[in-house]
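Chain residues, written in single-letter form:
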Amino acid sequence: MSIEVRIPTILRPYTSGEKLVTAQGITLAEVINDLEINYPGIGERLLDENGLRRFINIYVNDEDVRFLDGLQSVIGENDSITILPAVAGG
Amino acid sequence: MRFDSLLDSVGHTPLVGLPRLSPSPDVRLWAKLEDRNPTGSVKDRAALAMVLDAERNEILTPGATLLEPTSGNTGISLAMVAKQRGYQLVCVMPENTSVERAQLLAIWGAKIIYSPAAGGSNEAVRVAKGLAAENPDWVMLYQYGNPANALAHYENTGPELLADLPSITHFVAGLGTTGTLMGVGRFFRDNKPDVSIVAAEPRYGELVYGLRNLDEGFIPELYDESLLTTRFSVGPRDAVRRTRELLELEGIFAGVSTGAILHAALGIAAKAVAAKESADIAFIVCDGGWKYLSTGVYEGSLDEAEDALEGQLWA
Numbered sequence: 001m002s003i004e005v006r007i008p009t010i011l012r013p014y015t016s017g018e019k020l021v022t023a024q025g026i027t028l029a030e031v032i033n034d035l036e037i038n039y040p041g042i043g044e045r046l047l048d049e050n051g052l053r054r055f056i057n058i059y060v061n062d063e064d065v066r067f068l069d070g071l072q073s074v075i076g077e078n079d080s081i082t083i084l085p086a087v088a089g090g
Numbered sequence: 001m002r003f004d005s006l007l008d009s010v011g012h013t014p015l016v017g018l019p020r021l022s023p024s025p026d027v028r029l030w031a032k033l034e035d036r037n038p039t040g041s042v043k044d045r046a047a048l049a050m051v052l053d054a055e056r057n058e059i060l061t062p063g064a065t066l067l068e069p070t071s072g073n074t075g076i077s078l079a080m081v082a083k084q085r086g087y088q089l090v091c092v093m094p095e096n097t098s099v100e101r102a103q104l105l106a107i108w109g110a111k112i113i114y115s116p117a118a119g120g121s122n123e124a125v126r127v128a129k130g131l132a133a134e135n136p137d138w139v140m141l142y143q144y145g146n147p148a149n150a151l152a153h154y155e156n157t158g159p160e161l162l163a164d165l166p167s168i169t170h171f172v173a174g175l176g177t178t179g180t181l182m183g184v185g186r187f188f189r190d191n192k193p194d195v196s197i198v199a200a201e202p203r204y205g206e207l208v209y210g211l212r213n214l215d216e217g218f219i220p221e222l223y224d225e226s227l228l229t230t231r232f233s234v235g236p237r238d239a240v241r242r243t244r245e246l247l248e249l250e251g252i253f254a255g256v257s258t259g260a261i262l263h264a265a266l267g268i269a270a271k272a273v274a275a276k277e278s279a280d281i282a283f284i285v286c287d288g289g290w291k292y293l294s295t296g297v298y299e300g301s302l303d304e305a306e307d308a309l310e311g312q313l314w315a
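Going line by line, the protein sequences match chains V and F.
The numbering of the first sequence is our numbering, which starts it at 1 and goes up by one.
The numbering of the second sequence is our numbering, which starts it at 1 and goes up by one.
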């Protein structure tokens, strides 16, 4: 099962400039593990010892995973994942 | 309705039902028309509250100069309030904002300092903080961290919603400074805690997320995640599509950020229908469409509108 993951500009050095990559996994944590295997170094830009980094937002089908089950959020076959840095609005 | 002055008329906005967009008689959508405020946006509430609070705390003295990072609406609201209360205003605004915002700021007498497009409002905040350090006599009310911003919604927007719609089940608003959602969210937590608080966050083009490194990320000091039930990211295509549906089906001419909020509200409504639950979903119409006419989002195909918004701070 492969899931589409959108990579923000700031993390594309890890994906050879690709903005859309695919990854495998049943949970978000597994998807991030799989990203790390294929794009070494990206994992620690997304996670720290406390889980998801403060200035990283990850959305499954446009919903913020912090309000789903966080890293344990279950990812379905047709789901899409978007990673974005937290920026100011307003 | 009669008021002693324009500033006294801020708030008290209508809540209107949306009979054609509501999916069923049991799942209803309600629009709170914040474009009916004096400068045409929800930000009049926060701007007035922040100025009055600073006056009470004697941070603002007659003739003072205000400084504020803003993508537009807060600046326009502050310019109007500043003019009424006798202050100067300097706004730091990203250069990738619609021309009407700059025109309106000039009309109300504000001075604009542009910040670079890349980095969006993050850059405006950074530039404004630098200017504040260089000009210690200027007063930066700082909408992202000023408790009076959220308090305006705790004391007014929230109670207005509950009075007009006692059966409210969901509240949906845009996530920018987070002031509206924090204030209304806290009000419902204290007064009707079963109301779901839903954030719709605009997802801009890549230019806006052009940080140099992740440590430059920004989360408004006002933000308290525990007040939200959920948070959606809405891209420009969905925002424009919903803005047009609101106009076509209900006759409401709103700005693009309102389309993003409506998109999240319709998602909630669809879930309620699927779960066979009843729902009264209230959402914020942040402003009217007037300030966005030059962007072309009300004309042509969705593809063209999406292209027109690429790289723009549309909310």
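Quick caveat, the hints were computed from the structure, so don't treat them as lab data.
In this text the structure is predicted, and so the values were computed from the model without any measurement.
Treat each hint with caution, since some may be false.
[Said to hold, decoys possible] Quick list of the computed label-pair ranges, beta carbon to beta carbon:
1. 116/F to 79/V: 30 to 40 Å
2. 15/V to 136/F: 51 to 61 Å
3. 41/V to 58/F: 43 to 53 Å
4. 225/F to 44/V: 35 to 45 Å
5. 25/F to 13/V: 31 to 41 Å
6. 76/V to 116/F: 36 to 46 Å
7. 303/F to 48/V: 33 to 43 Å
8. 25/F to 76/V: 40 to 50 Å
9. 43/V to 116/F: 43 to 53 Å
10. 213/F to 29/V: 19 to 29 Å
11. 22/V to 221/F: 21 to 31 Å
12. 15/V to 237/F: 35 to 45 Å
13. 167/F to 19/V: 16 to 26 Å
[Unchecked claim] Going by beta-carbon spacing under 7 Å, a handful of chain F positions derived as facing chain V:
14. 12
15. 142
16. 227
17. 233
For glycine and all other residues, C-beta sits at the position ideal for the given N, C-alpha and C.
- Query: Going through the earlier hints one by one, which of them does the structure break, listed in rising order?
  - Reply: Those not satisfied are hints 2, 4, 5, 8, 9, 11, 12, 13, 14, 15, 16.
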